[in-house]
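Undergrad: Using the sequences and the hints given, assemble the complete structure.
Residue numbers (the working numbering), protein chains in the order written: chain A, 1 to 452; chain B, 1 to 627.
Since the hints were made in silico from the structure, they are not lab data. Only a predicted model underlies this, so the values are computations on that prediction, with no experimental measurement involved. One or more of the hints may lead you astray.
What the hints assert, rightly or not - The calculated BS3-like cross-link candidates involving lysine-lysine, where the alpha carbons are at most 25 Å apart (straight line), are:
hint: 1; chain 1: A; residue 1: LYS422; chain 2: B; residue 2: LYS563
hint: 2; chain 1: B; residue 1: LYS541; chain 2: B; residue 2: LYS511
hint: 3; chain 1: A; residue 1: LYS422; chain 2: B; residue 2: LYS94
What the hints assert, rightly or not - Only part of the chain A face toward chain B is listed, based on derived beta-carbon distances under 8 Å:
hint: 4; residue: GLU107
hint: 5; residue: LYS113
hint: 6; residue: GLU171
hint: 7; residue: ILE174
hint: 8; residue: ASP175
hint: 9; residue: GLU180
hint: 10; residue: ASN413
hint: 11; residue: GLU414
hint: 12; residue: GLU415
hint: 13; residue: GLN419
hint: 14; residue: MET440
hint: 15; residue: PHE445
hint: 16; residue: GLY451
Stated by the list, open to error - Coverage of chain B stretches by chain A, computed from C-beta distances (three or more under 8 Å per stretch; other residues unrestricted):
hint: 17; segment: 95-109
hint: 18; segment: 547-558
Here a beta-carbon is modelled for each residue, glycine too, at the ideal position from N, C-alpha and C.
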Amino acid sequence: MSERDTIISLATIAGESALGIIRISGSLCTQLCTDIFDKISPTPRKTFVKNYRSLSGKIVDQVLAVFFEYGKSYTGEETLEITLHGNTLIANLILDDLIRRNCRLAEPGEYTKRAYLNGKLDLTQAEAVAELIAAKSEIELEIANHQLLGSLSNKLLEIQSQLIHLQAKFEASIDFPEDEIKEYNIPEILNLIIPIKESVNRLIKSTDIKSSLSQGIKISLIGPPNVGKSSIFNKLLHTNRAIVSCEPGTTRDYLSKEIVISGYAIELFDTAGIRETNLNLETLGIKNSIEVIKDSSIVLLVFDSSLPYPSDFFEYIKEEIKSQSIIIIENKSDLERVITSENYPTHFSVIKSSTLNENCSNEILNEVSRALVGKYKIDPSADILVSKRQHKHLTDSLSHINEVQNLLTDAINEEFILQELKMCIQCINAIIGQTDNEDMLDELFKNFCIGK
Amino acid sequence: MNTGLRTKKDFPYDVIVCGAGHAGCEAALAASRCGADVLVLTGNLDTIAQMSCNPAIGGQAKGQMVREIDALGGEMALNTDQSAIQFKLLNSSKGPAVQAPRAQCDKKSYQLRMKHVLELNKNITLFQGIVEGLIIKNDKCTGVETSLGINFYGKSIIVTTGTFLRALMHVGKEKSEGGRLGDHVAKGLSRDFIKHGIELNRFKTGTPPRLLGRSINFEKTEIQCGDKKPTKFAFYDTRTHDEVFHVERRGRWFHVEHHSPLPTINCHTTRTTSHTAKIIKDNLHLSPLYKGDISGTGPRYCPSVEDKIVRFGEKDGHQIYLEPEGINTDEWYVNGLSTSLPFDVQNDVVHSIPGLESAIIIRPAYAVEYDYANPTQLSRTLESLKVESLFFAGQINGTSGYEEAASQGLVAGINSARKALNEPTVTFGRDEGYIGVLIDDLVTKGTTEPYRMFTSRAEYRLLFNHSSAELRYLSKLNNLSLVSDKRKLAIQKKSETITDWVNKLKTEIFKENSTFADILKQGQSESNLPQTFKNLHQETKSEILYQVKYEGYLLRELKSIEKMKGIERINIPKNFTYIGVPGLRKESAEKLSQIKPETLAQANRISGVNPSDISVLMVLLSKSSMN
Numbered sequence: 001m002s003e004r005d006t007i008i009s010l011a012t013i014a015g016e017s018a019l020g021i022i023r024i025s026g027s028l029c030t031q032l033c034t035d036i037f038d039k040i041s042p043t044p045r046k047t048f049v050k051n052y053r054s055l056s057g058k059i060v061d062q063v064l065a066v067f068f069e070y071g072k073s074y075t076g077e078e079t080l081e082i083t084l085h086g087n088t089l090i091a092n093l094i095l096d097d098l099i100r101r102n103c104r105l106a107e108p109g110e111y112t113k114r115a116y117l118n119g120k121l122d123l124t125q126a127e128a129v130a131e132l133i134a135a136k137s138e139i140e141l142e143i144a145n146h147q148l149l150g151s152l153s154n155k156l157l158e159i160q161s162q163l164i165h166l167q168a169k170f171e172a173s174i175d176f177p178e179d180e181i182k183e184y185n186i187p188e189i190l191n192l193i194i195p196i197k198e199s200v201n202r203l204i205k206s207t208d209i210k211s212s213l214s215q216g217i218k219i220s221l222i223g224p225p226n227v228g229k230s231s232i233f234n235k236l237l238h239t240n241r242a243i244v245s246c247e248p249g250t251t252r253d254y255l256s257k258e259i260v261i262s263g264y265a266i267e268l269f270d271t272a273g274i275r276e277t278n279l280n281l282e283t284l285g286i287k288n289s290i291e292v293i294k295d296s297s298i299v300l301l302v303f304d305s306s307l308p309y310p311s312d313f314f315e316y317i318k319e320e321i322k323s324q325s326i327i328i329i330e331n332k333s334d335l336e337r338v339i340t341s342e343n344y345p346t347h348f349s350v351i352k353s354s355t356l357n358e359n360c361s362n363e364i365l366n367e368v369s370r371a372l373v374g375k376y377k378i379d380p381s382a383d384i385l386v387s388k389r390q391h392k393h394l395t396d397s398l399s400h401i402n403e404v405q406n407l408l409t410d411a412i413n414e415e416f417i418l419q420e421l422k423m424c425i426q427c428i429n430a431i432i433g434q435t436d437n438e439d440m441l442d443e444l445f446k447n448f449c450i451g452k
Numbered sequence: 001m002n003t004g005l006r007t008k009k010d011f012p013y014d015v016i017v018c019g020a021g022h023a024g025c026e027a028a029l030a031a032s033r034c035g036a037d038v039l040v041l042t043g044n045l046d047t048i049a050q051m052s053c054n055p056a057i058g059g060q061a062k063g064q065m066v067r068e069i070d071a072l073g074g075e076m077a078l079n080t081d082q083s084a085i086q087f088k089l090l091n092s093s094k095g096p097a098v099q100a101p102r103a104q105c106d107k108k109s110y111q112l113r114m115k116h117v118l119e120l121n122k123n124i125t126l127f128q129g130i131v132e133g134l135i136i137k138n139d140k141c142t143g144v145e146t147s148l149g150i151n152f153y154g155k156s157i158i159v160t161t162g163t164f165l166r167a168l169m170h171v172g173k174e175k176s177e178g179g180r181l182g183d184h185v186a187k188g189l190s191r192d193f194i195k196h197g198i199e200l201n202r203f204k205t206g207t208p209p210r211l212l213g214r215s216i217n218f219e220k221t222e223i224q225c226g227d228k229k230p231t232k233f234a235f236y237d238t239r240t241h242d243e244v245f246h247v248e249r250r251g252r253w254f255h256v257e258h259h260s261p262l263p264t265i266n267c268h269t270t271r272t273t274s275h276t277a278k279i280i281k282d283n284l285h286l287s288p289l290y291k292g293d294i295s296g297t298g299p300r301y302c303p304s305v306e307d308k309i310v311r312f313g314e315k316d317g318h319q320i321y322l323e324p325e326g327i328n329t330d331e332w333y334v335n336g337l338s339t340s341l342p343f344d345v346q347n348d349v350v351h352s353i354p355g356l357e358s359a360i361i362i363r364p365a366y367a368v369e370y371d372y373a374n375p376t377q378l379s380r381t382l383e384s385l386k387v388e389s390l391f392f393a394g395q396i397n398g399t400s401g402y403e404e405a406a407s408q409g410l411v412a413g414i415n416s417a418r419k420a421l422n423e424p425t426v427t428f429g430r431d432e433g434y435i436g437v438l439i440d441d442l443v444t445k446g447t448t449e450p451y452r453m454f455t456s457r458a459e460y461r462l463l464f465n466h467s468s469a470e471l472r473y474l475s476k477l478n479n480l481s482l483v484s485d486k487r488k489l490a491i492q493k494k495s496e497t498i499t500d501w502v503n504k505l506k507t508e509i510f511k512e513n514s515t516f517a518d519i520l521k522q523g524q525s526e527s528n529l530p531q532t533f534k535n536l537h538q539e540t541k542s543e544i545l546y547q548v549k550y551e552g553y554l555l556r557e558l559k560s561i562e563k564m565k566g567i568e569r570i571n572i573p574k575n576f577t578y579i580g581v582p583g584l585r586k587e588s589a590e591k592l593s594q595i596k597p598e599t600l601a602q603a604n605r606i607s608g609v610n611p612s613d614i615s616v617l618m619v620l621l622s623k624s625s626m627n
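TA: Here you go:
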């Protein structure tokens, strides 16, 4: 609740638009001008055009920025406004970067609150501000609830209760040393932690709009040689005008191009055909193709439908295909069909295609789009702020639970483990609401016979 | 100071304390130390500071509280040390923060010494009289009525009536009125509370049977010895001899040599058997708890034996502790066998336990139901929000335990005196110690079962190790006359020594770029530390080592205290109207008007009040808090 930290938010509506504005308020602004734009003591209220350089040194976007000095801004604090290109990906990258630079996302209505607290609004406006805060919280709450209605909220509640169960075990051994409480043993607790970590990890992945969107979703075309992968690759790219860049694979054995499908940033890979002669996995080219397959979210598995199903082919790569969605493309459908489908791996769908047919790329794109929507259900333009916060809390909770694990392995005393565990619980609470110490005591008295 | 008994309306006492249990005694003593002229009324002079239940003081979280009471000039710690017959440091294998001292006491010594402490205090007048009613005008309490028709007047009144309000005891289907076996019941007070808008609810608690020692076959039990080296409750390194043994030196009849402690007596353990479980199951229908005769809520951490059998089965039995009630008696307390079953069933239950086959019950077990006033009706000074100058402390606030009661007594005593003397009141923060956690929990959240302190209730537990109590309350002591100036100075010096040494160990190089702190954190022996360190007092040394070794963890807690300070400082005016505040949800407004939090941080801890409500309040309150 400290009023001194620096807050940030996307002031414009999230999603695709011509421009977006990120507002930053707090004492870090001067420093940020220097660090990000190399702009030492910027002239107040005078716009400047600069490249936004992230902490890792990468240029994210060319932006327009303006600095307001202390006392002269809406909030009364130092303020920096950055106008960027209106793109979810860019906005996310910049917000992330600012969080890494010790800013935090603003609470609903916080700018106005600060303005009031800093004497920029008079008392007659206070009630209006209060109403505004309440209203904005309602909206955020609604969005959060909407998102939390389904399995996400159930999952979080489950994690919360698992953590409290764990806490009760430790607390019992501290607060009731003479009550014949069965001492927990470390392997048993570690076994309880594993599923918690797995659930948190899964949730992070499912709410991980950031990494999938900022790094681009990877889709790869794989298959035996001469089945028409490259023709499909070209077809897909030609029908889409949103080509951002074209760079050959570093090892010259695959190609990748960036395209946009249904608003998702995609990096499409054309891998080298995996031949029988070089099925030796030590071959560098194959190794790289395998890496691409591993990183892909969706795999387009291409076969020549005029040939028998190459059953040994899938055997070589099946270890690498675990979580990816597979779309099978039976190419060369203009020729007589020989292939049989009974041994196909588990797949999302099968498409018949012929590169002679002008519509084939559309069919493939439709299927890919369907797979994408299924895989990344959260609509990034609807609730970007909420899910970003959730994401932050989830990753924080994961690092706390990892630390609990370390402390346990080092046989550190319970009271220190509990400090970490309670911080972990607070992260989850920050998403789905508070638990009280009473909840822990309920769990404790339910499980242990207390009262010597 | 004009002491002595007086009944004049125009010459009121500064403070009247109703009740002389653990809360009442500390309240009277604290008030007198704050300069108040105090009257203590008790229904029975022979039961002052009576340990109505188990014969032990301290234990987990409670032991830390007793040391805090001592840091604030209270009497409980000294009184325990002087009447102890066994000391034990609980959790001694764990870290300092969760280690807790506990002592078995000679109940009579404890009582008599505390009574004598009150008698010797020139600011305190003791009088035996049952309080029957309150004198309240315009929502302000100005005195009390007693059963003999005598009225006493006071500027502040503290009620510490324990379990005596409309108390009803159960042994099987037998019911009798009274707050404790053989004692009276207070009825008139409940009526007056209700009349003035103070809501009352029912709790129940229970106590086990007491046995005759010579009828116990101790050979069939296991001996539980105390520690060879006792961990005492009072701080001796900051007090002069005279301050420690003030009673023993000045008392009329205390001839005990204060260097020779009371003899040590061991405790014993045994277990319930499958036969015990069968007897209980067969007779469950006779237990008033299971028949529904008792409506009050009991404590989950101190269940009756029938509860334990029903909820957790017979397994390999439940442990039973046999604890001596004192040195001049052969009465034994059977910890773990609290019950409200009929007397003949109690007998069978006792006889089913190894070692107790032919044990004689000399006091039956019973359950007691009593009124308590939900503590959310109090401010943080423990003054009633409904009736001015009326303070509540102890079990009447829904707590259980001698230590919890004594802590509240201390807080109510200080504040009632300061109110009477027109001095600013004092509040205790959650960041200062268990006393602050206790008071804040009670007045903010209330309680739905008899409240007992657990270390898990404190969010800054790691800072509340028992030996740091004096250091934590130092700044508070400076503005109060609870301890002598000499002792304040000694604590100040100790605190400085600790800070200096912590810095020294953190900065001075031991070898190869490693500071002393580094090698300590790596778990290396303390024998490497300089001789000047080794010469320090043991308490000082262990505090320094704790702060150095666990620096990272402690810093985290300090940081989160700092984070809370912002809203902890925003006060909410007493008459703040929540209903109709734009943006404040209706449920929150109702809760807030009922509990009347005094700071924004306290409001934040009320369950159901959410962050956006707090934001709304922050905006509206910022103006007044800035001024």
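Undergrad: All the hints need checking, so say for each whether the structure fits it.
TA: Going down the list of hints, with the structure as the test:
For the proposed pair LYS422/A and LYS563/B, the alpha carbon gap of about 16 Å is at most 25 Å, so the pair holds. In summary, the hint linking LYS541/B to LYS511/B is supported, as the alpha carbons are separated by about 22 Å, within the 25 Å threshold. Of the supplied pair hints, the one linking LYS422/A and LYS94/B holds, its CA atoms being roughly 19 Å apart against a limit of 25 Å. With a least beta-carbon distance of about 7 Å to chain B, the hint placing GLU107/A at the interface is held under the 8 Å criterion.
Taking 8 Å as the C-beta cut-off, the interface hint given for LYS113/A holds, the closest approach to chain B being about 6 Å. At about 4 Å, the closest approach between the beta carbon of GLU171/A and any beta carbon in chain B falls short of 8 Å, and the interface hint on this residue holds. The closest approach between the C-beta of ILE174/A and any C-beta of chain B is roughly 5 Å, which is under the 8 Å cut-off, so the hint is satisfied. Because the closest C-beta pair between ASP175/A and chain B is about 5 Å apart, less than 8 Å, the hint holds.
With 8 Å as the threshold, the beta carbon of GLU180/A comes within range of chain B, its nearest partner Cβ sitting at about 5 Å, so the hint holds. The closest approach between the C-beta of ASN413/A and any C-beta of chain B is roughly 4 Å, which is under the 8 Å cut-off, so the hint is satisfied. A cut of 8 Å between beta carbons decides the hint on GLU414/A: the least distance to chain B is about 7 Å, and the hint holds. A distance limit of 8 Å between C-beta atoms decides the matter here; for GLU415/A the minimum to chain B is near 5 Å, and the interface restraint holds.
For GLN419/A, the suggested interface contact is upheld, since its CB lies about 6 Å from the closest CB of chain B, less than 8 Å. Hint on MET440/A holds. Least Cβ distance to chain B is approximately 6 Å, under the 8 Å limit. At about 4 Å, the closest approach between the beta carbon of PHE445/A and any beta carbon in chain B falls short of 8 Å, and the interface hint on this residue holds. At its closest, the beta carbon of GLY451/A sits 5 Å from a beta carbon of chain B; the interface hint therefore holds under the 8 Å criterion.
By the rule of at least three residues with a Cβ nearer than 8 Å to a Cβ of chain A, the coverage given for the segment 95-109 of chain B holds, with 3 such residues. Counting residues of the segment 547-558 of chain B whose CB falls under 8 Å from any CB of chain A gives 4; the rule of at least 3 is met.
Violation of the numbered hints given earlier is absent; every hint is satisfied by the structure.
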